[in-house]
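Chemist: Chains as they are written, first to last, in our numbering: chain A, 1 to 114; chain B, 1 to 111.
What the hints contain is simulated information worked out from the structure, not anything from laboratory work.
No residue lacks a Cβ here, since even glycine has one placed at the ideal position from N, Cα and C.
Among the hints, erroneous ones may be present.
Below, a sample of chain A positions facing chain B; criterion: calculated Cβ distance under 10 Å [stated by the list, open to error]:
#, residue
1, Q6
2, S33
3, Y35
4, Q37
5, R63
6, A92
7, N101
8, I103
9, E107
10, W110
11, L111
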Amino acid sequence: KAGVTQTPRYLIKTRGQQVTLSCSPISGHRSVSWYQQTPGQGLQFLFEYFSETQRNKGNFPGRFSGRQFSNSRSEMNVSTLELGDSALYLCASSRNSDSGNTIYFGEGSWLTVV
Amino acid sequence: AQSVTQPDIHITVSEGASLELRCNYSYGATPYLFWYVQSPGQGLQLLLKYFSGDTLVQGIKGFEAEFKRSQSSFNLRKPSVHWSDAAEYFCAAGGSYIPTFGRGTSLIVHP
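So that you can see chain A by itself, here it is in the shape it has in the complex (with noise of 0.2 Å):
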C-alpha cells in the first residue's frame, strides 16, 4: 500500500512569503505529525493531528500553523518565511493515538527561504 506522501518535494520561497505543505498519510492512518529537520537542531517536533484535531504541540513560533482534514490529510503553512526556515519538513502518520504506536515517515519537502 502506499506509503506517507509529501507535496511538494522542494521548493524555493523569498523572505516574506508563505508556504504550505501538504501531506498524504497511509490509508487508514489517522494521526499526522510534523517535523522540521536542519543540520544544526536535528529533528523537531511541529505539531500532530488525530481527527481533525491538533492534539500536540512543539515549541515553535505561531508563524507555524497546520490543519487536518477529514479524509486524515494534512497541511502545514508557514506565513512571514525567514531565512531560517530553511528545512527539510517531514510528516510522519500512524494508526492511531495509543502509545507505542508506530510513525511511518514521508520522503520530506525540501523548502529553501532565499
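Knowing the structure of chain A, use the given hints to seat chain B on it.
Modeler: Using the frame of chain A, we list chain B on its own:
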C-alpha cells in the same frame, strides 16, 4: 523529562566490518523503542522497533537491536556493513503519542 541520547555523532567503519550504534534513553517507565535510517535527501525509514517481549529485535536490512533495561540502552548492530548502509541513523523512544528522537549518528563506510 524524556530524552534520547546518541553519543556518537559520526561513526566510520570499513565495509564488511561489524557495527554497533549506541542509544541511551531516559524515561519514567520502559518506553517503546525504535531505530530509523535516513539516506541522503530521503525521509526516515523504520528499521526495527521494540515494544515488549524478546529483548533482541530483528529488523530489516540485516540489522538487530538489543534492549537492556539495566543500562537504559537500545543499541543497533549489524555483523557486516555494506557500503549502502552509509546513512544517518536515529534512535527514538515513545511512551506517549509523540516519540522523542535522538540527534542521530552518521555512518560512514570505507571501502
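Chemist: For each hint given before, does the structure comply? Return the numbers of the non-compliant ones in rising order.
Modeler: 5, 11
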